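Enquirer: Numbering (my numbering), first residue to last: 2 to 309.
Simulated from the structure, these hints should not be mistaken for laboratory data. No experiment lies behind these values; they were computed from the predicted model shown. Be careful, since some hints might not be right.
Derived lysine to any residue pairs resembling SDA-like cross-links, with alpha carbons at most 20 angstroms apart [what the hints assert, rightly or not]:
id, residue 1, residue 2
1, K91, P174
2, K91, D272
3, K113, K156
4, K6, R299
5, K6, D272
6, K109, L75
7, K91, Q134
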Amino acid sequence: MLQVKLIVTGDDFGYCPRRNQGIVDCFLAGAVSNVSLLVNGSAAADAAELARRYNIPIGLHANLSEGSPVCEALKTNSSLLNQDGFFHGKMGFRTALSKGLLNMSEVKQELKAQVELFHELTGHLPPHMDGHQHVHVLPEVRHIFAEVLEEYGIKYTRVPIEPGLHKCDWILPSLMEFYLGVEEDSFNTVDVFTSHGIRWPDIYIGLTTMGKNMSVSNIWSAIDSAITEFTSKAPSPTDPTPQSRTVTIELMVHPGYPSVPPVGGCGEGPDDFSQSWERLHELQTLINPELQSHYKTRNIQLCSFKDL
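Sequences and hints are given; from them, build the entire structure.
Expert: Structural data, given as structure tokens:
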């Protein structure tokens, strides 16, 4: 009998007080089992306090693309900043990287500063660390990211390769192009992370169920088809009976109450997605009793990275 452990990670904890409250409400409803903290978020200290108060398992959402760095030495005159003094942005970071404009020693400096700030805010090192806007799987960055994880003894990360992505015809072409880029970068990252002893769940879900695309049925079918694909893989010499062991899944989610400017963000104010109804839509979908019932019916156990 296959045992399924599902980590439902609420990303962007610390982005704003309304995001924090939404994620906490989801956790208390049993709909989120793990959170990922933006230490450069405007409400990061509040988020860390909430995690302490409610005993919420918390990891680090490393951010190199939105807002301001936390490393003092990089707040001015750094390759990681644009002409306005902020990170380059989701696509701007990728463009600067492809042009060879980013100093990898500064990337390492900032990642380490974020780990240190996480430790300062929470009192412990992160059990898991992933990348905001999937920057951690990008060329060059992936090597630095792996070195930092190994240096701090952080065992777990996220590798966003989602089963069934190519079949999702409801995703807008422009968004699908970005997702396919993330997938390709992730495939190229597997060997790097493996060589540093870093681990991640067997299955990742979250690109196809994000924002307005999230529904109870979409989450059900994404989980069910991913498990079917996983168990149908040819047995390997080291794992001859995959269907008789535990399968681990991470579902990446972004619930929250919409941000109200100027409050929120990572130094520049909240972005459009944060202000949109889609955050609340995710929250309402995740706490739907129908979804909770499905987990129980399928013997799916919600947990965090520290439970693996």
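Enquirer: The structure should be examined with respect to each hint, and the outcome stated for every one.
Expert: Right, here's what the structure says about each hint:
no.: 1; hint: K91 <-> P174; verdict: holds, 17 angstroms
no.: 2; hint: K91 <-> D272; verdict: holds, 11 angstroms
no.: 3; hint: K113 <-> K156; verdict: holds, 15 angstroms
no.: 4; hint: K6 <-> R299; verdict: holds, 11 angstroms
no.: 5; hint: K6 <-> D272; verdict: violated, 32 angstroms
no.: 6; hint: K109 <-> L75; verdict: holds, 11 angstroms
no.: 7; hint: K91 <-> Q134; verdict: holds, 6 angstroms
Hint 5 from the list above is the single one not met by this structure.
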